[in-house]
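Student: Chains P and Z supply the protein sequences, listed in that same order. When we follow this note's numbering, the leftmost residue of the first sequence carries the number 366, and every step to the right adds one. When we follow this note's numbering, the leftmost residue of the second sequence carries the number 130, and every step to the right adds one.
Don't read these hints as lab results, they were simulated from the structure. It is possible that some hints are incorrect.
[As the list claims (entries may be wrong)] Facing chain Z, a subset of chain P residues (Cβ under 7 Å, in silico): (1) Thr387; (2) Leu388; (3) Lys390.
For each residue, glycine too, the CB sits at the ideal point set by N, CA and C.
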Amino acid sequence: MKVKVGCDIVEIKRFNKLDSKTLNKIFHKNELKNLKSESLAGLFAAKESCKKVFDDLDWHDIEIKKKRNSKPFLILKKDRDVLNYDLSISHDGEYAIATVVFLTKKP
Amino acid sequence: MYENIASLIKYICTKNKKRIAIRNKQGYRTRNVTYAELYDKITKTSRLFEKLGIKKSDKILILGRNCVEWVIVFLSAVSQGIIAVPLDTSSDTAFIKKIIAQTKPKAIFASKKIKLGIKTIYFDKLENNIQDLIPKEVQKIAPKDTAEILYTSGTTDIPKGVVLTNENLLASMDSLTRAVKLPCLKFISVLPLSHILEQVAGLLIPLYYGSSILYPATFRPAKLTEIIRNKNINAVTCVPAILESLKQPNLNKNLGYQFFLIGIGGAKLDIDLEKYWKRRCKLVVQGYGLTETAALVTTNTLFRNKTGSVGAKLPGIEIKLDDNEILVKGKNVFKAYYKNKEKTKQVFTNNWFRTGDLGVFKGQYLYLMGRKKDLIVTKAGENVYPYDIEKVLNSMDGIKESCVIDENGTIKAVIIPSRRIEPEAVIKKVNLKLMPKQRISAFEIWPQQSFPKTPVGKIKKYLVKKIIKEKKKPKLSYGNKLVQIVADITNKKPRPNSTLGYDLLLDSLKRVQLITKIEDEFNIEIPEQKISDSTTVKALEDLIKKQEKIQKFRLEKWQLNPIVASIRRIFQEMFFLRIISIFCHVSCKGIENISAIKEPVIFMPNHQSALDVPCLLRSLPFRMRKKIACAASPSRLYGIPPPKKAKLIRKLESLFIRIFSNTYPFGNEIGIERSLDLTGEVLDRGYSLFVFPEGRRTTDGKIDRFQTGAGFLALNMNAKVVPVKMKGLFEILPIGKFWPRIGKVSITFGKPIEIKNVSYIEATKIIEGKVKGL
Numbered sequence: 366m367k368v369k370v371g372c373d374i375v376e377i378k379r380f381n382k383l384d385s386k387t388l389n390k391i392f393h394k395n396e397l398k399n400l401k402s403e404s405l406a407g408l409f410a411a412k413e414s415c416k417k418v419f420d421d422l423d424w425h426d427i428e429i430k431k432k433r434n435s436k437p438f439l440i441l442k443k444d445r446d447v448l449n450y451d452l453s454i455s456h457d458g459e460y461a462i463a464t465v466v467f468l469t470k471k472p
Numbered sequence: 130m131y132e133n134i135a136s137l138i139k140y141i142c143t144k145n146k147k148r149i150a151i152r153n154k155q156g157y158r159t160r161n162v163t164y165a166e167l168y169d170k171i172t173k174t175s176r177l178f179e180k181l182g183i184k185k186s187d188k189i190l191i192l193g194r195n196c197v198e199w200v201i202v203f204l205s206a207v208s209q210g211i212i213a214v215p216l217d218t219s220s221d222t223a224f225i226k227k228i229i230a231q232t233k234p235k236a237i238f239a240s241k242k243i244k245l246g247i248k249t250i251y252f253d254k255l256e257n258n259i260q261d262l263i264p265k266e267v268q269k270i271a272p273k274d275t276a277e278i279l280y281t282s283g284t285t286d287i288p289k290g291v292v293l294t295n296e297n298l299l300a301s302m303d304s305l306t307r308a309v310k311l312p313c314l315k316f317i318s319v320l321p322l323s324h325i326l327e328q329v330a331g332l333l334i335p336l337y338y339g340s341s342i343l344y345p346a347t348f349r350p351a352k353l354t355e356i357i358r359n360k361n362i363n364a365v366t367c368v369p370a371i372l373e374s375l376k377q378p379n380l381n382k383n384l385g386y387q388f389f390l391i392g393i394g395g396a397k398l399d400i401d402l403e404k405y406w407k408r409r410c411k412l413v414v415q416g417y418g419l420t421e422t423a424a425l426v427t428t429n430t431l432f433r434n435k436t437g438s439v440g441a442k443l444p445g446i447e448i449k450l451d452d453n454e455i456l457v458k459g460k461n462v463f464k465a466y467y468k469n470k471e472k473t474k475q476v477f478t479n480n481w482f483r484t485g486d487l488g489v490f491k492g493q494y495l496y497l498m499g500r501k502k503d504l505i506v507t508k509a510g511e512n513v514y515p516y517d518i519e520k521v522l523n524s525m526d527g528i529k530e531s532c533v534i535d536e537n538g539t540i541k542a543v544i545i546p547s548r549r550i551e552p553e554a555v556i557k558k559v560n561l562k563l564m565p566k567q568r569i570s571a572f573e574i575w576p577q578q579s580f581p582k583t584p585v586g587k588i589k590k591y592l593v594k595k596i597i598k599e600k601k602k603p604k605l606s607y608g609n610k611l612v613q614i615v616a617d618i619t620n621k622k623p624r625p626n627s628t629l630g631y632d633l634l635l636d637s638l639k640r641v642q643l644i645t646k647i648e649d650e651f652n653i654e655i656p657e658q659k660i661s662d663s664t665t666v667k668a669l670e671d672l673i674k675k676q677e678k679i680q681k682f683r684l685e686k687w688q689l690n691p692i693v694a695s696i697r698r699i700f701q702e703m704f705f706l707r708i709i710s711i712f713c714h715v716s717c718k719g720i721e722n723i724s725a726i727k728e729p730v731i732f733m734p735n736h737q738s739a740l741d742v743p744c745l746l747r748s749l750p751f752r753m754r755k756k757i758a759c760a761a762s763p764s765r766l767y768g769i770p771p772p773k774k775a776k777l778i779r780k781l782e783s784l785f786i787r788i789f790s791n792t793y794p795f796g797n798e799i800g801i802e803r804s805l806d807l808t809g810e811v812l813d814r815g816y817s818l819f820v821f822p823e824g825r826r827t828t829d830g831k832i833d834r835f836q837t838g839a840g841f842l843a844l845n846m847n848a849k850v851v852p853v854k855m856k857g858l859f860e861i862l863p864i865g866k867f868w869p870r871i872g873k874v875s876i877t878f879g880k881p882i883e884i885k886n887v888s889y890i891e892a893t894k895i896i897e898g899k900v901k902g903l
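Turn these sequences into a full structure, and let the hints steer you where they fit.
Tutor: The following block contains the structure:
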């Protein structure tokens, strides 16, 4: 078993003027329901931190959804032998940050 | 001459019933609409108008991109005496609201979502709305009745509504058809249908001659080139800007030799551009006209054609020059601007319409000199035509585009350099070529890569002037497209050996932007994993070149050529299938499931051995097997990516398979987009497909996991999928063996299925389940 951790920070205002093509390249259709820059920045940070852990993932291989209590959770479209994970997103003022921890089978 | 457009449409549609009128490209497939279907839909839409309570001389707004529904709604409205108000899709909401306030339309027909508080019918829902309606015949309409109100693109001013009657449009068509006679051709439409030139020369004239018109989904030059070649397009009506964008090396090879006729209007055609196309054996026919005169006033014809001129006047139209300004009179000239009496008064003197364009007659040919409004009166009181200066500027090496404006009596040039140049030196050179009164006294470098333009490609000079006055900080400009893109995104000066991550500080978000931009500009797909922080700009350029080479793979038309197809058929029937039947004793089940199929379908069998294709062919009825194409992996047959050693035997093998099994490449190597494009094209030509969703032959006789490409095909191709299960072939010729053994083969065809409204992963699972369940 091995622990893998990834984190990412991103400036929120950069999401104010992204064109739809770029957005579609990064985000899943369901994730684009809320187009607020804070939300997009948070999701982006979460995705980027996942990509830092598994560097062969594509943007669309990671989908982030939210539970009723607004706790985010991940759907990985590619099998990476993940035993368990946790994800946390936060933003304040100008920045959004996300941290993800994976427990994987293989060392 | 006909009394109104309605009777003309009725006559055209009853004369050419079975011919194809409109080909509409939707996604990867093309939908054909014949003249009879078109007329049926027009009359049904008329009933829809009645149901919606839209009566004669009410107004409707048409706001959408070019498609078959646009044509149906427009012609139906015109045939019922309903006044159509077509608008360009790119117009902003404030402008649309202004026009709604002015015209008070009863309904809006739109292609994309808008909210304006008026009943809106979307083009994609139109088909369902009119399906069960009873056709309503065309109504009697007087020639003087208004047909449409067109808002002019207005290069220099706020748009104004031009009221055109049935008589105007018919008179224009009549004089044009008397001057230019065409056979039945295949047209492509590249201008917005809200433009009068497209309505007359791109819609009504082709329909009059029984031609077909293709509406492409995008207007990107690379895509257009491909469509023109693949769909055997003969003719186009366009504006100079589009001709400029279609310029490319190997022009005739890329566009195909069947493409020969180019109608030009809307803006002034540069003489060098005209020569460029004429030298490559294209008939360039330039005409001149305005919205106010219902398209063309003068035109060259196919055989009386003067380079640089806009042609001789059309029969039935009178033209005179007043101090070089062109004045027009005739049945085609409009009567008034909509609710704007002042403007109307300004443009008419003694029933002659003042066009505001300047020109001279040489013999009977008219030569244009420019707009009267753009005319610069210098401080010395001399008249200078900006067009003359722009022509010299544009011919200079290193200048991509230019525009000359008047700044308090001095001549100012605004230029877009195509690479790094010293503007002062260039302007000096230009001045030497110009007459003393024309000399440029000031210049400015435009910050962006192109000027603001109208939908037909004319530069919006008033906007340029405004922006120049406000003066924005100019960005750096580079000749190399890629370097320019990188510089735009990183705001840094890239060198060939600077790395993206460390030197240019490209983070992950910017990287996505960069990739999107590159994909957009170069029309290719780039896998993100191939770009890392240590990738240099030079390496990126190489990557793009490599991807371009791979993904620019074109459809091999010769394989679908009737001669090759008949050779293939004879060979298959006489040898191929007979030899196979020695080894494989085929028994097939479920043939009744597919015997009723008429349109092309996609067969999805499991892949057991190299003999799968001939066995499947054998089990199909002759009617179906004569039109079959196979999807093949690009790496083996097509050498994509190129192998390290090209062996002759491999080449001959691939040629043999290409001819006799009619394959086309499908796979990740040439990109998903391209694979789907090719598939759509093959299906459009009436070929059914064999696609092996496993992607490779089985190694143990069991059915492997299906690749997601299968789901993609089922969802996007608008064709039914037939699941097929094969058994026994693995024992006859397993992978790695050369000589087949003799054995029994059983093939089971499932019922054709249509998959909709699921994700492509689910679709793949459905197909996999069906195949395994047989």
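Student: How about Leu388 (chain P): closest beta carbon in chain Z under 7 Å, or not?
Tutor: This hint is violated: Leu388 (chain P) lies away from chain Z, its Cβ roughly 9 Å from the closest one there, beyond 7 Å.
Student: Does Thr387 (chain P) meet its interface restraint, that is, does its C-beta lie within less than 7 Å of any C-beta in chain Z?
Tutor: holds, 5 Å
Student: Given Lys390 (chain P) was flagged as interface, is its beta-carbon under 7 Å from a beta-carbon of chain Z?
Tutor: Check passed: Cβ of Lys390 (chain P) comes within 5 Å of chain Z, closer than 7 Å.
Hint check: a violation occurs at hint 2 only; the rest are consistent with the structure.
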